[in-house]
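Generate the whole structure from the sequences, applying the supplied hints.
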Amino acid sequence: MTPGLLGGIALVGALVFSLLGLALAVLAHALRDGRYLEAARRTTLLSLLAAATSFGALEWAILTDDFSVSYVANHSASVNPLWVKLVTPWAALEGSILLWALLQTLYTWLVGLRVGRSLDFWRAPSALGTLFLVQVFFFAVMVFVAHPFDKVPNPPAEGLGTNPLLQNHWMMAVHPVLMYLGFVGLSVPFAYAVAAMLARRYQSWIFETRWWTLVAWGFLTAAIFTGKWWSYEILGWGGYWAWDPVENASLIPWLLATAFLHTAQVQERKGLFKGWNFAFITLAFAATVFGTFLTRSGVIQSVHAFASGPVGVWFLAFLLGVLALGLGLLARVSGEIREAGEVRWKSREGALLAGALFFGTFAFVVVVGTLWPLAVELLSGAKVSVGAPFFNQVSAPLGVFMLLLMGIGPVLPWRQARGEALKNLTAMLIALGVGMLIGLGLGLSLGVSLAIGLFAYNLTAIVLMVAQGVKERSRALGLSPAQALLELVARHRRRFGSHIVHFGVALAALSIAFSQTYRYTEQKTLQVGEVWQTRGLEVRLLGLTAREEANRFAALAPIQVRATSRDGWGSDGRYETRLNFYPQMSSPLATPVVRYTLYNDYYFVLMQFDQEKGQWATLKIIITPMVFWLWVAGGLIVLGTAYILWPSGARLPSRQAVPSASD
Amino acid sequence: MRGVRGWFLALALPLSFGALAQPVPNTPPPDFPPQVFEIARELRCPVCQGESAAESNAGIALEMRRIIAEQLEQGKSPAEIKQFFVERYGDWILFEPPARGLTLWVWLSPLLGLLLLGYGLWRHQARAKSLAQAQAAGVSEEEIARLEAELDRR
Amino acid sequence: MLRFWPIWVLLLGGLFLWGLQRPSPEALGSVRVGKPAPTFSLPVLAPYRERFGPELGVGETLEKPVFLNIWASWCIPCRTEAPLLESFYQRYQDRVLVLGVNVQDQEEAALRFIAQYGLTFPSVYDARGRIGIEYGYTGVPETFIISKERKVLARHIGELSESKLQEYLRQVWP
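Residue numbers (UniProt numbering), protein chains in the order written: chain A, 1 to 663; chain B, 1 to 154; chain C, 1 to 174.
In case anyone wonders, no lab produced these hints; they're calculated from the structure. Heads up, some of the hints might be wrong.
Simulated coverage check for chain C against chain A, where a stretch passes if three residues somewhere in it have a Cβ under 8 Å from a Cβ of chain A [stated by the list, open to error]: (1) 2-13; (2) 24-34.
Derived lysine-lysine pairs resembling BS3-like cross-links, with alpha carbons at most 25 Å apart [said to hold, decoys possible]: (3) A:K346 with B:K129; (4) C:K164 with C:K151; (5) C:K35 with B:K82.
From the three backbone atoms N, C-alpha and C, an ideal C-beta is built for every residue, glycine too.
Printed below as a string of structure tokens:
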């Protein structure tokens, strides 16, 4: 048995099991027969095993350098280091679809475990059916269009190698997996929404769906931050977010899922906003499909696109199918959802709705900005670009409003604001003003000063809320403040976790404001031994060397850096800048060296060098403040999410129908 | 550096292999002050898949940075330099779409989105409120007060 | 709004379907077409100096239409294009001037390329590709069709073909 044969058989098996599961789920739904549901539930494990076997076979083929498999011949090489081989399955189109499908079967299996618990008999068949339908799509694409195990008639002795951009950094091993975990994870809330609409039970789905959405959201956040970090460490331009169409495509579902996480609380609490929640979840999942469509069809130019192939049309059909299913169902039931209740703007639910309004608007802007060049070309034939300068300008005011709401929302009580909340608000606004004044006093720009103010404002909000919680608990339960704090942290995960997440977001915003405003880039050619004085640094080019490595050549230019003023604080040291030459790439790949400090990041890139005599090298220096804190913020957001999700055993999400008043 | 010399000649080999590789001229590029990169970041590199002229290492992008540096030295303003490229490549080269014609709509999109969603939200609220009032008409004042008090206590 | 969901879905689908079937999504239209061609004068590569003088380019007035071909020795399509251009030039050199502009290249490599393909149409040397940017080029090879009145009639991205060359010839000599 060869890996190619095993993988191909397992792939067909996974497609058959998905079809079988779909048929069983449809029967269970139509006949209301529990036996079919049980059979469908068991099929989830079969499809997971088949997909895992297929994925394992691909790993096997790559690890044993089996170049009779075209994927291995085209995207791997025997000289690749072990870790590169392990991550090669998701370095190109076919393998990445296989990973996607594998994760989908994993989620379907997990949902299968919920059948009979939170997923009742009315909703389980349609939820499983929706997930099987998604599986059928992915396996059908692989079996019929983008087969990962296509055979090469005359296997070459050596493969073409892996995309150097991907093997240049270990982050590439993690980022796609996290992204797929997030993208695929959103299929579960979508399945729950479809099931709820089919069963016409509009309220009960929200509790567990919020939990699933938070899982996917956590992965998506982690993926976006690792993606930024990868971009920062690899691409050599000193930035972390380029507003490229594919980056936007990962942001859209994130924004919509965030909107849902906030409005879901209004539904949990007041039974309002049911239709909107269905819409947010449908659009969030559709946005993930949109993202895969963009990366795999080449319809819009992007740095990150896979080579365009015949799969584009398939993904387009899938995207339209998802939209039609979700929106069609919603249009059908929206007349039935009759909600009664009032939301005052000056209340928690009012702030949550306003927040959702801004998240929704932001998502709308990103969608329009991403698609508009295509629309303009269709309408007028002219080509235009909508890029970073546009998105930066538009997202700044939206971001300010969202940060304002993020601070005040949790401080406001449900239903109606009272005097206490207004007192807190005053304190927060004072913090905002003081922060701004400090910023302006330090001679910082207005935007950055505003970011400092907003950070202080949000920090004050969180401190006030924690202090209040501690005070209430120590009084009511007769505990010392320290014990009360511990009690608050341990018992109210959802509340405390959201504080951590919100703090992370405020920190990220501060870091983005600083780094986007004060990035400093300069390029200079140095003779060996020459010293370059710039912005608080003294850079000496020590020499030039070359080295042959397993799968690449490297040119190295070591430099000695010394800080000469406060601007260059923390930059001292010896660094080895390098250019990597990969045989399959036309131009060399710069690998920047980054010196992280608590304030400035110092970023050195070797741009060019004297190939004949080794006497000069051209260096680019990028100095960016506060970038370090962006990674801290990303970590905090993910940790906060994990803290909320970590099973405490004490409660099930579905029992949270009526949270305590302090929540 | 004498010992290294052979290395670089060996290194020059993989550079020219495949012939696809654009040879890097062995002359040092000019020094670029920060402003060059600030302007180049707003311009699209014509041969790259969506990279800016500041990031790309393609020959055209390098030449664009040189042109920017030269024009800055001649005392041209960033707007004039960008216009120079627009005259040669069209609006496409600007990452920031001009606020006129069809691309004006992109600039209006935040406002449009806010209005559309805000209107939907407002209409939804108005309906839910009128429905609540219609239902509340059947409940006595006393009952409402009792329920509200209970809700507050939770 | 929700009531009209089939319309929204179809609009989105139509947009993408149209986007997918475009023959070359990357092709960028030239703003130079229909406008006067920029003038320039560049050093002629050594083999042609005897016949064409030290410098050549697009002047204020032209003697005949110009097919301005931007090329480089490291570009693969240029290799299949070179013999085609050469035979075209042999046949029509009294009617049009085929003018090569070698960009972003090393002079020795360019001379080797010329010798290898025995090119007789003149080429000028533009190490930095400055003239390419002046014309708004997006890569090599690229050809600008300039009428006798110094107007850019067309811009051809990528490799030329015999039929395309004939078509452009009819454009400059109607």
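We went through each hint and held it up to the structure:
Only residues whose beta carbon comes within less than 8 Å of a beta carbon in chain A count, and the segment 2-13 of chain C has 8; three or more means the coverage holds. Check on the segment 24-34 of chain C: 4 of its residues sit with their Cβ under 8 Å from a Cβ of chain A, so the three-residue criterion for coverage holds. A hinted pair counts as satisfied when its Cα atoms are at most 25 Å apart, and A:K346 with B:K129 qualifies at roughly 16 Å. The straight-line distance between the Cα atoms of C:K164 and C:K151 is roughly 19 Å, inside the 25 Å bound, and the hint therefore holds.
Between the alpha carbons of C:K35 and B:K82 the distance comes to roughly 20 Å, so the proposed pair stays at or under 25 Å and holds.
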